[in-house]
Amino acid sequence: MPGASGVPLIGYLIVAAAMFCIGAFTALRRTNAIMILMGIELMLNAVNVNLVAFSRFVPAGNGARGQVFALFVLAVAAAEAAVGLAMVIIVSRRRDTIDVDHINLMRG
Amino acid sequence: MNFGTVWPEIILAAVGMALILLDVIVPKQRQRALGLVAVLGMVGSGVAAAFEPRNGALALGGMIILDPLSLFFRLLFLAGALLVTLFSVDYIRGKGRDLAEFLALVCFATTGAMILAISWNVVSLFVGLELLSISAYVLAGFLRDEPKSNEAGLKYFLNGALASSVLLFGLSLVYGVTGQTGIPEIAKALVTAQTQGYSTVALMGLGMVLVGLGFKIAAVPFHLWAPDAYEGSPTPIAGFLSVVAEGAGIAAIIRLVSVAMGPLEGSWGVWLGALSILTMTVGNVTALWQKNIKRMLAYSSVAQVGYILAGLAVGTTAGIGAVLFYLAAYLFMTMGAFTVIASLSSAGQGNEISDYAGLGVRSPILAVLLTIFMASLLGIPATAGFMGKLSLIGAAVHGGMAWLAVGIAVNSAISVAYYWLVARTMWLDPVPEKAEPIRRSAELGAALVVTTVGTLFLGILPQVVFFFANWASVGIR
Amino acid sequence: MSAYQAVAVYLGVVLVVVLGITGVIGRLRRPKRTAAKTAAYECGVSPAPGLGPRFPVRFYLVAMLFVVLDVEAIAFYPWGLRLRALGTRGLLDMAVFAVVLAIGYAHVWKKGGLDWR
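Heads up: the protein sequence lines correspond to chains A, B and C, in order. The numbering of the first sequence is the numbering used here, which starts it at 1 and goes up by one. The numbering of the second sequence is the numbering used here, which starts it at 1 and goes up by one. The numbering of the third sequence is the numbering used here, which starts it at 1 and goes up by one.
Next up, chain A with everything else stripped away, as it sits in the complex (with noise of 0.2 Å):
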C-alpha cells in the first residue's frame, strides 16, 4: 500500500533502519562526546521517521497515536540534547578534552 507520495512503507523503514544503525555505530564508535550525542539524536530522529511512517499506513483511527508519540519524542530529544551539552561544556572547561576515552578517572 503506498502513501500519497507513491511511496511504500518499505521505504522509510529503510531510511529509518539506516539512520538508526549509522546514529548506533557513531554513538559506539566515536570518542567525541558531541559526536556520540550527535549519534544519539540520530537514532531518536530514526525513531520519528519510524513512527510518522507507520502512523501513515497502520489502519484507520490509530494515526495520530503515532503523530503525536513522535511529538513527545521530539520534545524529549531537545531536553536530553540541552541537558546533554552543558554537561560535555562542564567537562570541555575543566578537562580541555571531550574525548571520552581520555575521561576516566574510575577504574576497577
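Since the hints were derived computationally from the structure, they do not count as laboratory data. All of these numbers come straight from a predicted model, not from anything done at the bench. Cβ coordinates follow ideal geometry from the N, Cα and C atoms, glycine included. It cannot be assumed that every hint is accurate.
To be verified - Straight-line C-alpha distance at most 20 Å; calculated SDA-like pairs for lysine to any residue:
| hint | chain 1 | residue 1 | chain 2 | residue 2 |
| --- | --- | --- | --- | --- |
| 1 | B | 148 | A | 97 |
| 2 | B | 148 | A | 93 |
| 3 | B | 291 | A | 104 |
| 4 | C | 111 | B | 148 |
| 5 | C | 111 | A | 86 |
| 6 | C | 111 | A | 90 |
Claimed, not checked - The following label-pair restraints were derived from C-beta to C-beta distances:
| hint | chain 1 | residue 1 | chain 2 | residue 2 | range |
| --- | --- | --- | --- | --- | --- |
| 7 | C | 93 | B | 33 | 29 to 35 Å |
| 8 | B | 27 | A | 56 | 51 to 57 Å |
| 9 | C | 88 | B | 10 | 54 to 60 Å |
| 10 | B | 40 | A | 25 | 20 to 26 Å |
Said to hold, decoys possible - Derived contacts from chain C toward chain B, CB cut-off under 7 Å, selection only:
| hint | residue |
| --- | --- |
| 11 | 11 |
| 12 | 18 |
| 13 | 101 |
| 14 | 103 |
| 15 | 107 |
| 16 | 108 |
| 17 | 110 |
Keeping the supplied structure of chain A fixed, place chains B and C upon it in accordance with the hints.
Chains B and C only, in chain A's frame:
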C-alpha cells in the same frame, strides 16, 4: 480530561516547581528550611496516593492505571525520595551547592518514576522514564566542581540516552506492528499479529525494549556505566539511582514486558533467568576486588538487580510478589548503607574501604549500623535481605526454576567475601592516628533510624509488607 | 516456530550481537587514534580556535535555553490543530503547560541565565 487521579504526581511536581521559585526568593543561608518543604511535599504526595482508587481504574484517557501495583510503586519511590532528601541536606550544603535545585530535581525525578510505574500506555511510560532519567543525569553530575561527578554525569547521560533511543526504536516497531500505544491493546494486537506472520518485527521491537530497559537497570552486559556513575555521583544520588531509578526500570519491565509479552509467555523466562544468573555472578565477582566502597556497592547493586531479575524470570504471581518485597527490602538496606557513607564523607572521611579502618572504635554506632545493612545485603537471618532472598528462592522453586534458587544461593556465598572485608576493616583493623570522632546532624540521624528500623522490621515481621507485595502482584495481567 | 521460541531466539541473538558489538568495537577503536579522528569534523577547514581559547559560556547557555524553550513550543501545535474540538478544557490544559514553562523561565531569569553581562 480529569486530573483527579494523578494528584500524587501533581503535588510532587508542584513542590518541585515551588522549590525552584523559592530558590530565588529565599536567601542562601536559610535554604536549609527548603528540605522541610520537600519532605512535606513528599508526605503530602504519599497521603494523596493512599486515597487514590486501587481497583484498576483507568485515568487520563486510559494512559494511567490505578491498581495495587501503582500504589506500591508510588509509595516505594516516595519513601526512597524522602530518605534521599533527609540525607542530602547536609551533604549538598557541605559541598557548597544549591540545595533548592537539588531537591527540585529529586522531586521531578521521583515524579517521573511514579508516572512510569502507573502508566498503561507506552507514551506516558516513555515520558515518565525520560523525566526520571534526564533529572537523574543532572543529579549525577550535580557537584559541578568535582571532576569525578562531571564524569559520572556525562557517562550516565551518554549510556542512558543511548538506552533510551534503543528502547524507543523498539517501541516504534511495536507500534508499527500493532498500531497501538496502549499496553493492553498491544498485548491483544500482538496475538493477532502472530497469526498474520508479523511477529518477527514485533519480537525485534520487544527485544530492543528489553535491551533498553536492561541498560536502565544496569543488568549485565549493559552494566558498565553503573560503577562510574555510582562512584562519582553525590552519595545520596548513588542511593537514589540504585533504589528509585532501578526500581522504576523494574516497574517498566513488569508493566511492559509481563503484560505485553504475557500472551507470548513461555521459554523467554529461561532467557531472563540466564540474564539474571549472569548479572548476579558478574556483579558479585567484580565486587570482590573493589577498593572504593561506593564502587563496591555499585557492583553489589548490580548483583541485587540479578536477584530481582530472577523473580521476574519466574514470572508467577509469587515471583512478582517476591520482586516487590525485595525492592522494599532493598530500599531500606541500600539507602541505609549509603546514608552511613554519606555521614562519614560529610565528616571529611574518604570513600576508600581502607579509610574505614577502626570505625568500630571511632564511631561505634555508625559501624554497627553499616554492619547491619551489609548483613542484610548479604542475606543474614533477621534482616530484610534474608526474607527477600528467601521469598525469591521460594518463588523460583515453586515456579519450577530451581536452578535459579541455586544461583542465588551460590551468589550469596560469593558475596560474603567482600562484605566481610568491610566488616573486618571496621572492627579489626587498628584505628589510624589522627582519627576524629564523627558528628551527625538531625536529618542524617532520622534517615539512619528509618532505614535501620525498616531493615530489621522487614526481617523480623515481614508479614505486612509481604501481604502488600502479594496483593499488588495479583492481577497485573 | 511458536512465538515464545522466536522470542527466545531473538533474545539470544540480541545477547550475541551486543556482546559481539562491544567486543568488536573495543578491538576496532584501539589502533586508529589520531588527532584528526577525535576532531569534531573529519574533513574541511578545521573549526578555527579549537577547544583552546575560551568561548564565553553565555553563548552556549543562550543556545541551550533556546533549544529547550523553542522545541517545547511544538506541544502547542496539536492543540492548535484541534483548538475548537478541545474547547475550554483544552485551553485550561495548555494554560497549565504554559505556567509550567513560565516557572522554568522565571527561574532562569532570576538566576541570571539571561543576563548578558
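Results of checking the hints against the structure:
Proximity of residue 148/B to residue 97/A is assessed by CA-CA distance (about 14 Å); at most 20 Å being required, the pair is judged to hold. At roughly 14 Å between alpha-carbon atoms, residue 148/B and residue 93/A fall within 20 Å of each other, so this suggested pair holds. Distance hint between residue 291/B and residue 104/A is fulfilled; the C-alpha atoms sit about 16 Å from each other, no more than 20 Å. Restraint check for residue 111/C and residue 148/B: not satisfied, since their Cα atoms lie roughly 25 Å apart, outside the 20 Å limit.
Among the hinted pairs, residue 111/C with residue 86/A is consistent with the structure: their alpha-carbon atoms are about 16 Å apart, no more than 20 Å. Annotation: proposed proximity of residue 111/C to residue 90/A holds, straight-line Cα distance about 18 Å (limit 20 Å). Between residue 93/C and residue 33/B the C-beta distance comes to about 33 Å, which sits within the given range of 29 to 35 Å. The hinted window of 51 to 57 Å between residue 27/B and residue 56/A holds, with their beta carbons roughly 56 Å apart.
At roughly 20 Å, the beta-carbon separation of residue 88/C and residue 10/B lies outside the given 54 to 60 Å, and the hint is violated. A beta carbon spacing of about 49 Å between residue 40/B and residue 25/A contradicts the range 20 to 26 Å that was offered as a hint. For residue 11/C, the shortest C-beta to C-beta distance to chain B is roughly 4 Å, which falls under 7 Å, so the interface hint holds. Against a cut-off of 7 Å between C-beta atoms, the interface hint on residue 18/C holds, since the closest Cβ of chain B lies about 6 Å away.
For residue 101/C, the suggested interface contact is broken, since its CB lies about 11 Å from the closest CB of chain B, more than 7 Å. Taking 7 Å as the C-beta contact cut-off toward chain B, the hint placing residue 103/C at the interface holds, the least distance being around 5 Å. Hint status for residue 107/C relative to chain B: holds, with the closest Cβ pair at about 5 Å, below 7 Å. A distance limit of 7 Å between C-beta atoms decides the matter here; for residue 108/C the minimum to chain B is near 10 Å, and the interface restraint is violated.
Annotation: residue 110/C was flagged as interfacial toward chain B, and the flag holds, the nearest CB pair being 4 Å apart, inside 7 Å.
Hint violations for this structure: numbers 4, 9, 10, 13, 16, all remaining hints satisfied.
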